[in-house]
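Residue numbers (the working numbering), protein chains in the order written: chain H, 203 to 669; chain D, 203 to 669.
Be a bit skeptical, because a hint or two may be false.
Identical chains blur together in the list; that is why a pair holds if it fits in one copy or across any two.
Quick list of in silico lysine to aspartate or glutamate cross-link-like pairs, EDC-like style, CA-CA up to 20 Å [stated by the list, open to error]:
hint, residue 1, residue 2
1, LYS640, ASP611
2, LYS261, ASP643
3, LYS540, GLU501
4, LYS595, GLU483
5, LYS261, GLU380
Calculated from the structure, these hints are not laboratory results.
2 protein chains.
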Amino acid sequence: MTLNDATPDFVACLEAQLPEKTIGNASSAYLEEPRGRYFGQGGVLARPRSAEEVSTIVKACNSAHVAVVPYGGGTGLVGAQVMPGDVRPVILSLERMNTIRAVYPLENVLVAEAGCVLAEVQSAAQESDRLFPLSLGAEGSARIGGNLSTNAGGVNVLRYGNARDLCLGLEAVLPNGEIWHGLTRLRKDNTGYDLRNLMVGAEGTLGIITAAALKLYPRPRSIGTAVMVVSNPQSALELLAMSREIAGESVSAFELLHGQGMRFVQETLPDVRLPFTDIPEWSVLVELGMAQAADAALEEIFGAAVEMGLVSDGVIARSDAQRQALWSLREHIPVANKAIGSVASHDISLPLGAVPAFISEAGAKVAQLGPYRINCFGHLGDGNLHYNIFPPKGETREAYDTQRHQVSDLIYELVHGFGGSFSAEHGVGRMKVAALQKYADPARLAAMKSIKAALDPNGIMNPGAVL
Amino acid sequence: MTLNDATPDFVACLEAQLPEKTIGNASSAYLEEPRGRYFGQGGVLARPRSAEEVSTIVKACNSAHVAVVPYGGGTGLVGAQVMPGDVRPVILSLERMNTIRAVYPLENVLVAEAGCVLAEVQSAAQESDRLFPLSLGAEGSARIGGNLSTNAGGVNVLRYGNARDLCLGLEAVLPNGEIWHGLTRLRKDNTGYDLRNLMVGAEGTLGIITAAALKLYPRPRSIGTAVMVVSNPQSALELLAMSREIAGESVSAFELLHGQGMRFVQETLPDVRLPFTDIPEWSVLVELGMAQAADAALEEIFGAAVEMGLVSDGVIARSDAQRQALWSLREHIPVANKAIGSVASHDISLPLGAVPAFISEAGAKVAQLGPYRINCFGHLGDGNLHYNIFPPKGETREAYDTQRHQVSDLIYELVHGFGGSFSAEHGVGRMKVAALQKYADPARLAAMKSIKAALDPNGIMNPGAVL
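Same shape as in the complex, but just chain H (with noise of 0.2 Å):
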């Protein structure tokens, strides 16, 4: 498929059928993305104010074949959000569409425009005494639109599911720029193929959200966390199942911390707080929601993990601030990383009960390639690991960025040995589509580009990322 550029006739045409001030230049803002790899050229913004207006620049764009990149907050991890190349596209901003459309506190749904920051759903949840459990580093910045449509998952994903798993309904614009009317608020409809569950993930290759029915859940009452001490991987596990038969779903976290994260806030993060004195080699950061008491079923899981030797020491928040400094370690760890600077940075995940063995290999591996750091950290409740390699104390990155893609490879074959995914939240984008191409089972790839086609014939939505 060839695809033209949005040309100043096409783009007179375009401000014709819109509003005044639709559409603008992209400023560098939206060329750019948080990895530093991928650049846009220019493009033509467009910043409609509804899913009509949406679908007026989607059919324009599908009729002259013009490539549309849909851009949301633009904190994507994977290069989603940006087209290089020659070609001009239109970067369709959904930043105007950023109404809460309603609120159901006794049904339990929110219905949200695509534009509206993460954390402004979460606080129009709170104020009707609900819970929005979608929860990440960038969720002050991110848009709903592009977490569903990168199915984001952060850490409460272990109770609560992905983006995929909160979301009831959708409004879209399909790449022919008809609008699918599917803001439902069932829990149940069994009425044919799956549309939304395509869309969710399909990080804009397969049409536009515009909006969204979430699912909203009661606010547990009482929250305990608690980092503990843990030998290794293993015990982490065997912890976890723990937390399980005692408190079931109201484990809500689960994050593995690694004792080099922690040395690398400690050298570039001073205020921030470390709960022991002794930097523990591996430790996890627990925490339960429940109706009421979660104190005492932490309590219960701390005994009876020291009984079993599973955990040998361990920090339980007795205060709200107690328990935000617990979080500012973990949440401080990206930050920590960004500043020593990794040479290769991976966002996988495993069988649960292969993720010991994974980082026991790994680590041998990695160490026959150079004197590398690793840290290890992550959702270990979900078996996703941010597997982090940075280069030996004294010496930059960029000493080491010619081995860059030998390490990725190793890291993604072992991965794929055990079973696991080279993308376990942040998605394909333009980053990993040879990683797709490579791992990905043959027949699926196949149904996925049939797919691709029989929806986009023309090619127009979000070229070059996922396929």
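Following the hints, put chain D in place on chain H, whose structure we already have.
Same frame as chain H, but now just chain D:
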């Protein structure tokens, strides 16, 4: 698309590629369905033992343009398992693919072949001290592949979700005969389009599920069950909200019962014990599953509900036998319905907040059509009602059969007006194809047709179902 008969030559060619006795003739058991509305004229029965054999069969059918009708337990309620008409299809039964391939208790995952009976999957989970929460009336004969293909619901959806939500990965044969090896046990895997959820709920029209990786849960140690009398559906909804405030996700079932259903049970099944001497017009069966003290939580809910005037009477089960007696009442309501004989049955869902207004308006409108008896019951926690309409006492359904479509049209129009669905958990099958054409969003319906044409260009997979 013209489809061809499975001719003797075709069968001979197929037999040559498969082990002996894989192919035979379909007995009448494979040509009927529980509603008694659809009948097959005959067909070739294929009973493969592996995904490879399924692949061989589907490839042959695809190349010869012979229809394939996937067959699980045959318990579906919308006719998806039986193809009427003169063309002789291959009926592909999964009954021999009935192995539990593996259980991973630490990971809370079980891998089952599609032909496993649902109750066997539940038992295998229980043997590992885990819960597979999908539970429905036909669990003794329904097979898990069919449960997934129809995205089955049942009594635990409120807490654990539909079949869709319980599935981590699939092995499936696509319409071109290629095997998709997607039996992942991963909780997070953001690597492209969600083919899994496209296959789930497609009712065998996009391929054949041959095995699934399923989610298990810790078994709640303490289960509390009660039936509480409420003054009306609105009170029932408020009771639901309050129960979830107190017990969070522990509320695992919340079933609406109607006096008419209890009277039907009294009339047709005198051995089933009713919990109240005076049959209440509205009541709910509430179940909590907790780590401990579920009865105490249930007492707390009951006490608070009485104080707020939501509940006027109730029975809390004090033993396993009492608990089973309460469930037995709930489970015998469909049996009693069948004995009475409905004029029209509806498996509908509504936004939770719209349930009271719907029940009130529907009752008034049905009364205008005739002196019908209405039994409105079901999974209120999910907004899913079974809204069944019966002839007046002493008369037979046959006398009212001419009004069946008029009654259903009235109900579906009303449901649609409230933003509800004409099929909450049973699917579309062949029975609701016209309703789908009438009520589905046009953009979505067009996308569904594109996807069907892209993945099954010869239209061999379960023709006449869904689309």
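Intra- versus inter-copy proximity for GLU380 and LYS261 (alpha-carbon distance at most 20 Å): within (8 Å within a copy, 35 Å between copies)
Indicate which option fits the pair LYS540, GLU501 if close means a Cα-Cα distance not exceeding 20 Å: within, between, both or neither. neither (35 Å within a copy, 52 Å between copies)
First find the shortest C-alpha distance between LYS261 and ASP643 inside one copy, then the shortest across copies, and answer within, between, both or neither for a cut-off of 20 Å. So LYS261 and ASP643 pass the 20 Å test across copies only (18 Å; inside, 33 Å).
First find the shortest C-alpha distance between LYS640 and ASP611 inside one copy, then the shortest across copies, and answer within, between, both or neither for a cut-off of 20 Å. Within one copy only: 11 Å inside, 51 Å across.
State whether the alpha carbon distance between LYS595 and GLU483 is at most 20 Å within one copy, between copies, both, or neither. Classified as within; 18 Å inside a copy, 74 Å across copies.
Hint compliance for this structure: hint 3 is the single one not met.
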